[in-house]
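> Taken in sequence, the protein lines are chains B, W, P and X. Each residue of the first sequence is one higher than the one before, counting from 133 in this note's numbering. Each residue of the second sequence is one higher than the one before, counting from 133 in this note's numbering. Each residue of the third sequence is one higher than the one before, counting from 133 in this note's numbering. Each residue of the fourth sequence is one higher than the one before, counting from 133 in this note's numbering.
Keep in mind the hints are simulated off the structure, nothing from the lab. Heads up, a few of these hints could be off.
Identical copies look the same in the list; a pair holds intra-copy or inter-copy alike.
[Claimed, not checked] Pairs of lysine-lysine residues, derived as DSSO-like cross-links and limited to a Cα-Cα distance of at most 27 angstroms, are as follows:
| hint | residue 1 | residue 2 |
| --- | --- | --- |
| 1 | Lys434 | Lys389 |
| 2 | Lys349 | Lys434 |
| 3 | Lys161 | Lys349 |
For clarity, every value in this text was computed on a predicted model and none was experimentally measured.
4 protein chains.
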Amino acid sequence: MPLPRFNRSLPNDDLGLGIRVGPGRSVNKDGTFNVRRPGLPFFRGYELYHRLITMGGFRFLALLFLGFLAANALFAAIYLGIGMDQFVRTGGNGRLDRLMDAFFFSAQTLTTVGYGHISPNSHLVSAVAAFESLLGLLSFALATGLLYGRFSRPHAQMRFSQRAVVAPYRGGTGFMFRFVNRRSNQLIEVEATVVLSCLDPETGTRRFTTLALERNKINLFPTSWTVVHPIDEASPLAGLTAEDLERAQAEFIVLIKAFDDTFAQTIYQRTSYVAGEILWGARFQPMSTLAADGVMEMDLEKVDATEAVPIETGAKAP
Amino acid sequence: MPLPRFNRSLPNDDLGLGIRVGPGRSVNKDGTFNVRRPGLPFFRGYELYHRLITMGGFRFLALLFLGFLAANALFAAIYLGIGMDQFVRTGGNGRLDRLMDAFFFSAQTLTTVGYGHISPNSHLVSAVAAFESLLGLLSFALATGLLYGRFSRPHAQMRFSQRAVVAPYRGGTGFMFRFVNRRSNQLIEVEATVVLSCLDPETGTRRFTTLALERNKINLFPTSWTVVHPIDEASPLAGLTAEDLERAQAEFIVLIKAFDDTFAQTIYQRTSYVAGEILWGARFQPMSTLAADGVMEMDLEKVDATEAVPIETGAKAP
Amino acid sequence: MPLPRFNRSLPNDDLGLGIRVGPGRSVNKDGTFNVRRPGLPFFRGYELYHRLITMGGFRFLALLFLGFLAANALFAAIYLGIGMDQFVRTGGNGRLDRLMDAFFFSAQTLTTVGYGHISPNSHLVSAVAAFESLLGLLSFALATGLLYGRFSRPHAQMRFSQRAVVAPYRGGTGFMFRFVNRRSNQLIEVEATVVLSCLDPETGTRRFTTLALERNKINLFPTSWTVVHPIDEASPLAGLTAEDLERAQAEFIVLIKAFDDTFAQTIYQRTSYVAGEILWGARFQPMSTLAADGVMEMDLEKVDATEAVPIETGAKAP
Amino acid sequence: MPLPRFNRSLPNDDLGLGIRVGPGRSVNKDGTFNVRRPGLPFFRGYELYHRLITMGGFRFLALLFLGFLAANALFAAIYLGIGMDQFVRTGGNGRLDRLMDAFFFSAQTLTTVGYGHISPNSHLVSAVAAFESLLGLLSFALATGLLYGRFSRPHAQMRFSQRAVVAPYRGGTGFMFRFVNRRSNQLIEVEATVVLSCLDPETGTRRFTTLALERNKINLFPTSWTVVHPIDEASPLAGLTAEDLERAQAEFIVLIKAFDDTFAQTIYQRTSYVAGEILWGARFQPMSTLAADGVMEMDLEKVDATEAVPIETGAKAP
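Isolated chain B, as found in the complex (with noise of 0.2 angstroms):
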């Protein structure tokens, strides 16, 4: 039974995945990492920040607004505890009446609103209201910071073909996958790292290594990127089948890295492929067409779309 070769010459703990990585792929299909860390401060300072920027956008929306009741509450409940006769108020005086004026004065001033049918008529409502609506501005310019962070956040939105192939590759044979950028942005200078990862079966534990790639950065990335490692004798994969990749749980760990032309800004992707997620002997086809007008016309949608194509694997033993 062959076994990649990988270089021995490197420590376990390789790549920072620690050396316990276990049986199960150790970076998610979205690119995350298959690792817990429980125990992580919520509550402190940039970590809150982190948290409230990444997190799913109605549940974001959904704090603000229960923050901003439960601000209003809060200052209602000072400005019941003073007094409502303290305030000039058209309303009436049930006690429905009263704690409503209260609430709405708080939100008038808050959001700076102030439309002044209800208003201070003491020196510590006016002090009250002062620091409300200080707070008020100040607690705004987080909360929209916050919103507007979120909203012009720069993604990598790339789309990686489901699975990745080996293919016939210039006489021989070639592990490939493909990506196409989702969004009108422009993204340039765009770099491709590949790792495998295969189980170790005399340690147990993981070994690590860097594919050669046919090239691993282009400059124009206008469609789409199909990303070659040429099975070559050098390649770790050279003479293995499916079942030798299934057997050594092999994961091939993808990195792309780009910049963001239309905001100048550096972004990356990650993603991986299982053995299950490779197709023996298929390859993929063309993306674009030439358009009536000789303008070349892309379909995402293609970018799944693979055909059945003969090749010979486990020949070349290593």
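Given the structure of chain B, go ahead and fit chains W, P and X onto it with the hints provided.
Chains W, P and X only, in chain B's frame:
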């Protein structure tokens, strides 16, 4: 018929431009790619942001204004539904008066201007108004963030010479073009990459090769830079004539990268020259003169100025 | 007494740390430099910005609050000087009442809340109030910008092991320390540089040398990274004992550079280990375990966990 | 008369400085280029932004204030045109009163302070006011964004020694200058590039050559850095005297690049030394002393401090 010599060891789908690149130019004069990607989603997070940032200025302002009208119309409808008798107001009670009061109360709430001459007189109206002012603050955060983001977005504004030239260069000839910075910001560490793309008559597809430059980086860029590809024996252009390039549908794709010293940001700009945009036997005229006070003065309008000069082409066989 | 071997071809003022570096450590545990620069100007543009962004959170909020009070006190004094009879107001006419009305009118103007229960009744007051609201908008722009800038400022929050170890490594020994990311943001392309600084007994000054590392860059950093300097024959530590390093007042300066995937920003962090912070004959215990569901789980608290292991030192003479 | 030896294989228009560079310095002491580019457009998008960000602080505030006055004057004229009888207001009805009420109603609308003591009493006025408050929110977004953008713009604030020196260095001599960071932010990965520019007497144009440095990058920059170009046999300065450099109108152009650790941004700074700003036979005095508590203390004022030292020049012929 001699053809440009390419590195045939590279596959055809070089540069991510795809193998179906046809007879037209790959990169337009303004640097955009000559590719259509129909069906990109519009209303999805960052893509929406990207479109709002890059759309035309007039269209953006019109969108803001229409959004403001629409939001006020919506809330006016809600207030009318609740009933205008639940407001303290001084206006008339005709249908138009009530509609207008509802609309302008909404506008005064959304912008938090809140004069108070119209004000809520029921708990329900107060609640809707509180919600509207919250929504107003959040929406204006996005709108004004986008407005400022558009205004402050980094741009490279290099002006390339309309035509490239083939001029005498060190005993032989060189392919040259030049460009200037049309902004008063300071650009430094400017890098140039020039890729030649030609149609391979055998396969009908395009091949790409990066051209060697006399220098591909300059540290300072106060005036202009004439980028030179020496047509020596190692050049794929060696021995070719203007007709050869026309026949091969040659396109010189230019990528410029620079660091904007004023804003500490990397910026990129692209353009391309097709065979028909090359002047054979011409050189660029100087753009700068020494003023009376010893300061160099540069005339940006002269970037296209060339003068005829005899050259010898097609002589050296590849 | 063997001394670490340095590259004596380098001058003494290496690393910009200056030739007068004395017996203490050059870099503190928290990464700040052990240098005082008295007399830096405080109130000058960007320096002021820098101080406001980096000062403690409580101090910053106190400064904001005091600034708000001071601005209102100033404008209250102006309004009192003009005379409170030039206002429409409902409050009393005692000295305290007039003072409070002036103060709270100012607060309502500065925050643009503008209830209207106190309002200008003369052109002069209107003019001052218009100027104050303009000033309020500009000041709050700076204040809230700073508040959000502080909140969103990128931070590296790596947790280094309190001590470095000299542990067995490939038949010999290695100098090792490790660190984890305490934030949930994804760090990639992590680079490490380790510089050894020792006192030269001949000159009384310090000499610096960069240590070769087993690897100085990792692509992924989901868990922990143990940085290893192999103490082989080429190492300046070859044949040295703990006492030798103490005598030479050795300090290992650590620089970590990483790319924050979430915010597309490069971040840096520094620390240092002095001779007394090295455990000779100890190795780090694993930090991660494989949970029942196949996901790797990392215990951040274990970053300092070591266990004794026999090593042989001082054997190999340099 | 020996002349600096340049790499004559480079063409004359090196560094993008243009071939017409005359007798004066190319780079001013403050790092700006000694070039005029008349006729750059002012009111065009990013160029306008650039000018507003970099203009003097007083001028910027004056512009803001005048803009505020002008906008209010414009809207006051519109309100006066509609007629002040279409407002609810308590002020007098004299010409000045009406004008002032129109102006201050505009100011209260533009800043969204909206006291309400003047308020719209017709649909037309309400519509104009709604539009004005929308315009106010958008304009203030730009104005306050610019204000904060100016305040937070990254700046390198290195202080270079007024003069460079030619001092003894390793048995020979070296061209040296030094600089310190005048800000409390932490700079790391500081890189230096020094380019020598001399007038070529044959062609009357300038030639440029990059000087080899003892080191061109330091990892840490807590104190000062003395940049050294060793005047060895490979140096274009070998065997030259102060008079030679004066005659060749030599200019040493200095480019510093650093990473601002506090804000995760790359910053650049430039300066230059002309022949007359070089002290021959002088060395820099130490800037730092060890304080009583073992902390190194640096005196920024000493950056220019030099002392005479005998050197031998003009001896080694090129």
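> For every hint, state whether the structure bears it out.
Outcome of the hint check:
Taking CA atoms no more than 27 angstroms apart as the test, Lys434 paired with Lys389 passes inside one copy only; the shortest distance there is 23 angstroms, against 32 angstroms between copies. For a Cα distance limit of 27 angstroms, the shortest separation of Lys349 from Lys434 inside one copy, 23 angstroms, qualifies, whereas the shortest one across copies, 36 angstroms, does not. When the C-alpha separation of Lys161 and Lys349 is checked against a cutoff of 27 angstroms, the pair qualifies both within a copy, at 22 angstroms, and between copies, at 24 angstroms.
The earlier numbered hints are all upheld by this structure, with none contradicted.
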